[in-house]
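Dock chain to chain to rebuild the complex, using the hints, since each chain is given by itself in its own frame.
Residue numbers (this note's numbering), protein chains in the order written: chain P, 1 to 179; chain E, 1 to 204.
For the record, the hints were derived by calculation from the structure and aren't laboratory data.
Bear in mind that the values here come from a model prediction, so they are computed numbers and not experimental data.
The C-beta atom is built at its ideal place from N, Cα and C for all residues, glycine as well.
A hint or two may mislead.
30 Å max Cα-Cα, derived BS3-like pairs, lysine-lysine [what the hints assert, rightly or not]:
1) E:K81 - P:K99
2) E:K139 - E:K86
3) E:K81 - E:K166
4) P:K99 - P:K174
5) P:K174 - E:K81
6) E:K139 - P:K99
7) E:K191 - P:K174
8) E:K191 - E:K81
9) E:K139 - E:K166
10) E:K191 - E:K86
11) E:K166 - E:K191
12) E:K139 - E:K81
Looking from chain E toward chain P, a few residues come up when the C-beta cut is under 10 Å (computed) [as the list claims (entries may be wrong)]:
13) E42
14) V44
15) A60
16) D63
17) V68
18) R71
19) T76
20) S77
21) S83
22) G84
23) H159
24) A161
25) G162
26) A165
27) K166
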Amino acid sequence: AMSTPAPSMPPPSVAPSAGTRTKLLFTVINADDVPVYAVDLANAWSEARGIEAVVRELSIDDASRATTERDDYVFELIARGALDFVDERAWESNAAYLKVVDRFNDVNVYAYVTSTRVKFVLCAEMRADEPMRAFFADVHEGYCVAMMNPMRDEDAPLDTSEVFQRAVRAAARKRLGVV
Amino acid sequence: RHRRDRVETIVMASNPLDLPPTPLGRGRSEVAAPAFALLFSEMVQYHQSRSLDISALERALEDAGADVGRRSYESTSYREKASGSKREHRLLPLLQFIQSSCWRSMFGRVADSLEVYDDDEYLLSDRDCLVNRFISVPKDLGDLNCGAFTAGFVRGILHAAGFPAKVSAYYSEPNPAADINGVRTTNILMKFEREVIERESRLG
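Here chain E stands alone, though its shape is the one from the complex (with noise of 0.2 Å):
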């Protein structure tokens, strides 16, 4: 019977365009994270390879993320949000389901807290970054993050949503009693920009 359906559904479709759509689906809920770490480890490796310095590579390992962001934002919302008919118009709900919806879509969990810090500040934190768990930096790289590449995928959200916002990623000082194996908290800091202030304040 199995069979039968195939064949006709070849027969009828004389016009690919007549086939039936392609349903986005629930997603893939896990993907190895050897298999992760391994990809972006090789993106890491290909950007460090043309870049002249730290910030370039950061600002690469950004773009990488923005572009990411933007697609799986608008795949979760549609997923999340009864089959796309809702958005996010305010800063604070779209900041409450980057934290939760996007963070569980993309590493699993939610991240671990959301912050302000000024009317432009916001900070969102990260126990055990997944993308930093395989990442070991040497001395002569200094400052290096590769959370950029998380920075870069809040930055793609908010800017896609309509608020566009400078992102950075940096480390927390170590702390013994959160800290997991050793690994520092990554906080991703968004500042966003003053037209997004000005239409929230008048959106009220």
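For reference, chain P alone in the conformation it holds in the complex (with noise of 0.2 Å):
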């Protein structure tokens, strides 16, 4: 009997149900504990999804409207928060990927550290290590690249790096199912 190979795994999706907004918050912290990035990856590029960002948006009615911009401070509070845990399982092993550290309601925290104790934080809703593993060193990738510019200073924001807004962009796309 001929057999089909089994198809790879998708990505995970972020495809938020109708009339809410899934949040997916990447933050880079340094090693001063300096916030240097933060972006929400599901929402950031809205504007390639054309027409169905059009229908979404007028189908959220102003009572989610108004929990998913109090959820925008939510996640970075959880994301500040786990801070603490992220120190704390840096020095336990030397791993970069700290996997899960720390849990709000539905939102988990994933960790990653690099080797100058920059901190990549991601809050997601979803549960999947081994994309996030893979996401974390593709921005890591693109982080080395910024870093490398002698003019960058330790807390320069890193918007304003070309180089590492292509990375995190091109990583949440290929490991995480962002569009």
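What follows is the structure, encoded as structure tokens:
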């Protein structure tokens, strides 16, 4: 009998259900605990989704809009609050990927620490270890390239770095199924 | 076919953020020594004209080295350790990484030795310190050692990795048996902060 090869696992989808907005907050915090980058991967590049984004926007009622706006701050609060756990875990092993360091209701906090103690923190409502690890590794490479710029200080915001933003965007699309 | 590929890339990326990411690559393995010597000599002269005394000049060279160390450590670590999946969280493996991988990426060879003096003092030795190879210090500059740049390089790495230390460079006593062409060995002395020693003993 003919057997077809098993399809490779698609990256986990962040397509939100109608009327709600999924958050996928990615932040970069430097060694001195200064945040240098933050982006909502699910919604930052929504202009690329055209008509679907417009339809989704129109279908959000006022109550859930207020909820999602409040959620913006909740995700950031969750990411900040998890930093202590990231520091604890960072000294426990020599792994860069620390997996889930904290949980808040349905939100999982994934963390990754580079050699120079820069922390990548990702808050997501989904649960998927391997794609997150691959995402962080791709972003780490982009961070190395951005860091080579001798004009860039340790606490300079990374949203001025086109190299880094390209890496984040490509990694989010390839590893996390963001469109 | 090559030309067609490039045109396709330009057409598809209406948003520059959609361009494919820049890879870190393997790094250029060799740079001409005279080019480095010229650049370094200009840097020493630049700082010399702005420094009031020898220690200020050495500090300026150390700070320049620290910047280089911090940046190159991230890239060297990413390349050497399975695309960044591992890092150093203990002192001795970190020092061994500096002695081998960091030295190789910067100077093309490993450092000659790594010794421990006290529980908080470690010493890296380099018989043929690239930074000092083309430098001759006039008598009126006394104790100046441009290996301060290398000391700063190590300090930058240690600080970035979470092991702050005071790092200085000094020449060994002349040793006809070991010295190459009469050039004395450069020693990099690292004295770690108390918090580093305490954390190391806590981690056991």
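Hints, verified against the model:
Only pairs whose Cα atoms come within 30 Å are accepted, and E:K81 paired with P:K99 is accepted, the gap being roughly 18 Å. For a cut-off of 30 Å, the pair hint linking E:K139 to E:K86 is broken: about 47 Å separates their Cα positions. A distance of roughly 27 Å separates the Cα atoms of E:K81 and E:K166; the hinted pair therefore holds under the 30 Å criterion. Using a Cα cut-off of 30 Å, the hinted pair P:K99 and P:K174 holds, with the two alpha carbons roughly 19 Å apart.
At most 30 Å may separate the alpha-carbon atoms for a hinted pair to count; P:K174 and E:K81 meet this at roughly 22 Å. Between E:K139 and P:K99 the alpha-carbon distance is near 58 Å, which puts this suggested pair outside the 30 Å criterion. For the proposed pair E:K191 and P:K174, the alpha carbon gap of about 45 Å is over 30 Å, so the pair is violated. For the proposed pair E:K191 and E:K81, the alpha carbon gap of about 27 Å is at most 30 Å, so the pair holds.
About 27 Å separates the Cα atoms of E:K139 and E:K166, which keeps this hinted pair within 30 Å; it holds. For the hint linking E:K191 to E:K86, the alpha-carbon distance of about 25 Å falls within 30 Å, and the restraint holds. For the hint linking E:K166 to E:K191, the alpha-carbon distance of about 5 Å falls within 30 Å, and the restraint holds. A hinted pair counts as satisfied when its Cα atoms are at most 30 Å apart, and E:K139 with E:K81 does not qualify at roughly 45 Å.
The interface hint given for E:E42 is broken, as the beta carbon of that residue sits about 15 Å from the closest beta carbon of chain P, more than 10 Å. The interface hint given for E:V44 is broken, as the beta carbon of that residue sits about 18 Å from the closest beta carbon of chain P, more than 10 Å. Interface hint status for E:A60: violated, as the beta-carbon distance to the closest one in chain P is roughly 15 Å, over 10 Å. The restraint placing E:D63 at the interface with chain P is violated, with a minimum CB-CB distance near 13 Å, outside the 10 Å limit.
Taken as an interface hint, E:V68 checks out: its beta carbon lies about 8 Å from the nearest beta carbon of chain P, inside 10 Å. Interface restraint check: E:R71 against chain P, minimum CB-CB distance 5 Å, threshold 10 Å, status holds. A cut of 10 Å between beta carbons decides the hint on E:T76: the least distance to chain P is about 8 Å, and the hint holds. At its closest, the beta carbon of E:S77 sits 4 Å from a beta carbon of chain P; the interface hint therefore holds under the 10 Å criterion.
Given hint, E:S83 at the interface with chain P, holds; its Cβ is 6 Å from that chain's nearest Cβ, closer than 10 Å. At its closest, the beta carbon of E:G84 sits 5 Å from a beta carbon of chain P; the interface hint therefore holds under the 10 Å criterion. Because the closest C-beta pair between E:H159 and chain P is about 9 Å apart, less than 10 Å, the hint holds. About 6 Å separates the beta-carbon of E:A161 from the nearest beta-carbon of chain P, less than 10 Å, and the hint is met.
With its C-beta approaching chain P no nearer than about 5 Å, E:G162 sits inside the 10 Å limit, and its interface hint holds. For E:A165, the interface hint is violated, the least distance from its beta-carbon to any beta-carbon of chain P being 15 Å, above 10 Å. The closest approach between the C-beta of E:K166 and any C-beta of chain P is roughly 19 Å, which is over the 10 Å cut-off, so the hint fails.
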